[in-house]
Amino acid sequence: MLRVRFELPRKSFVISIDLQVPTGKTYCLYGPSAAGKSSILAAIAGFERGYSTGYVDLDGRVLVDTSTQPQIDIPVWRRQMAYLEQSARLFPHLTVEQNLLYGASHLSRSEFVNFVDELGLKDYLNFHPSQLSGGLIQRVALGRSLATRPAVLLLDEPFSALDWNSRHSLQDLLLRLRHRFLLTMVLVTHQLTEAQRLADQIVLVDQGQILQIGTPTELMETPTSWRAAQLLGYRHLLPASGQKAYAIHTDRIVLGDAPNLGPTARGKVAEIIWYEGQQRARVELNSPWQETVEMSLSARDNVQPGDLLALTFVRPPLFPLTEEIKSNYGTHT
Amino acid sequence: MRPRLSALNTLVALWSTLFLLSPLGVLVVHLSWPDIWQVWNTQGGQALRMSVQTTLLAMVIILVFGTPLGWVLSRGNARVWRWLEFLLLIPLLMPPLVIGLLLIYLYGPYGVAGRLLALGHLSATNSLLAVVVAQVYEAMPYYVFAAQGAFSQVDQGFERASLSLGVPPVKTFLRVTLPLSLPGLTVGFTMAFARAIGAFGAVIVVAYYPHTLPVSVWIALQEQGLPVALPLAALLLIISLPLPLVAVLLRRLHHVASTF
Chain R
1 MLRVRFELPR KSFVISIDLQ VPTGKTYCLY GPSAAGKSSI LAAIAGFERG
51 YSTGYVDLDG RVLVDTSTQP QIDIPVWRRQ MAYLEQSARL FPHLTVEQNL
101 LYGASHLSRS EFVNFVDELG LKDYLNFHPS QLSGGLIQRV ALGRSLATRP
151 AVLLLDEPFS ALDWNSRHSL QDLLLRLRHR FLLTMVLVTH QLTEAQRLAD
201 QIVLVDQGQI LQIGTPTELM ETPTSWRAAQ LLGYRHLLPA SGQKAYAIHT
251 DRIVLGDAPN LGPTARGKVA EIIWYEGQQR ARVELNSPWQ ETVEMSLSAR
301 DNVQPGDLLA LTFVRPPLFP LTEEIKSNYG THT
Chain P
334 MRPRLSALNT LVALWSTLFL LSPLGVLVVH LSWPDIWQVW NTQGGQALRM
384 SVQTTLLAMV IILVFGTPLG WVLSRGNARV WRWLEFLLLI PLLMPPLVIG
434 LLLIYLYGPY GVAGRLLALG HLSATNSLLA VVVAQVYEAM PYYVFAAQGA
484 FSQVDQGFER ASLSLGVPPV KTFLRVTLPL SLPGLTVGFT MAFARAIGAF
534 GAVIVVAYYP HTLPVSVWIA LQEQGLPVAL PLAALLLIIS LPLPLVAVLL
584 RRLHHVASTF
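Chains as they are written, first to last, in this note's numbering: chain R, 1 to 333; chain P, 334 to 593.
No wet-lab data here; the hints were simulated from the structure. Mixed in with the good hints, there may be bad ones.
Unchecked claim - Here's a subset of chain P near chain R, in silico, CB distances under 7 Å, partners left out:
1) 494
2) 498
3) 499
What the hints assert, rightly or not - Some chain P residues close to chain R (C-beta under 10 Å, calculated; not the full set):
4) 502
5) 507
6) 508
All C-beta atoms in this analysis are idealised placements derived from N, C-alpha and C, irrespective of residue type, glycine included.
With the hints as constraints, model all of the structure from the sequences given.
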């Protein structure tokens with residue numbers, strides 16, 4: 001179990017974190033850019049030391065404790081945490097094999113051969129980093145980190161600079177290796193799909209604070225605030241009774257009347273747009289809402305601009321319509 | 334750029350190059366191998382051996398003390414290092430003759446350092462030690478600033494990666510930082526070597542004896558004239574130029590190779 005608790009003053013806000021990651025679990029710190037996610041990860045790794053108060057322990061071994069005298073602060077190289085940044089930083093003067101073995105002199109030859117097979121790097125061992133593609137570079141960097149058998153793997157947006165195919169293939173590899181090595185991972189990402197794909201628990205981070213922690217399903221089903229809902233992709237608010245509003249998610253609208261799933265509506269398709277390989281319909285809702293919403297379409301949905309549709313909003317979360325929400329969302333609510 | 338302007342630029346560049354390299358042409362016109370061989374067998378060989386000997390000692394000192402200094406100037410976050418960097422420009426910019434005069438005051442028989450050396454029966458005037466001290470003062474700033482530049486060019490992300498892989502700082506320095514900064518360090522080292530072996534201004538003030546090669550060139554010029562001084566000067570060039578030139582060439586070739 002990794003326990004992390006610290007306050008880290010930044011220029012515009014204070015990062016305040018209290019997190020427990022059970023062994024073998026993957027936690028994704030997900031949130032907008034400049035929310036403090038990378039600083040949190042760097043502080044866990046031991047590279048960021050500007051915390052005012054802090055406590056980190058790994059399986060009962062205290063790594064940081066600012067409350068003791070003298071303070072405990074185990075240096076980076078003794079924390080058993082591998083830290084992988086967006087830029088892989090393979091050592092350019094070493095071959096792939098030398099990079100993989102850099103911190104892993106304990107690996108026997110047979111262990112190394114099996115490990116290299118698993119990573120799919122057998123044919124690249126004598127290459128230098130400058131001869132590799134971006135996807136292979138990250139694959140080697142991931143392997144280099146895992147070869148040291150870290151107790152915790154810290155990943156700071158490791159795949160964000162890669163193309164879609166490389167990203168997916170590395171995510172698959174990570175999922176495979178995670179089970180094989182029973183990895184405890186903390187992953188920073190600003191891509192919701194990546195967080196949903198890899199995380200046991202998603203930690204929503206905004207302005208240095210944890211807004212909510214939950215499984216991908218829990219978060220999508222029950223965001224606890226409108227800000228959390230926004231970070232999860234809820235884009236619209238539709239007024240409900242009693243000064244409340246439904247939060248509407250593009251992927252949580254289905255065609256047809258299904259009142260058992262949630263509130264229903266009628267509307268007219270204004271246009272069809274493409275978004276990340278999927279079609280979406282922009283629908284102008286009839287009264288009482290008079291609002292335009294976007295809904296994802298499945299491949300079998302044959303919808304054209306001008307079509308009249310019946311829609312069902314699947315279990316939309318309800319939020320009190322506070323002044324803050326009104327001012328953030330706009331005047332039309 | 335307009336063609337006429339570009340042609341003019343090229344012309345000026347070629348003329349400047351010719352201007353800078355033309356003194357070397359003198360060697361071709363006025364010098365022959367037998368001349369060099371002759372001075373080698375007379376005063377040249379001894380002076381050259383002295384120069385190489387003192388320069389090697391000076392370079393060891395420069396390496397041992399200059400490398401950590403270059404490192405902290407590059408990586409030290411405290412403001413004091415920025416001030417120190419600024420102050421270190423003074424020895425770099427100071428005329429060698431002035432360095433020599435100040436060294437007499439510091440390392441001479443009545444200077445603070447000179448008295449301390451005397452306790453160990455050492456003298457830093459007119460001795461091998463005096464030459465080494467003067468060479469260190471003349472050449473070390475060149476190496477320190479080159480080392481600072483070389484270390485600054487190493488992306489600290491590599492060091493972070495190494496530390497997070499469980500490799501402690503000293504090993505990280507030896508296995509990552511040093512190899513990556515080696516091309517820059519090598520160029521700095523060879524530049525400092527050329528500077529040390531050619532050190533004259535400070536050396537002649539603190540150590541007229543034992544004669545180093547640059548001092549011998551000066552004495553030959555004073556006492557025997559140009560025809561004797563020139564082969565000695567050529568000897569100095571032969572010993573001081575190849576190392577930095579090869580280092581720069583290798584660095585360029587390495588850069589070209591890593592670009593493709």
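Indices of hints not satisfied (ascending): 5
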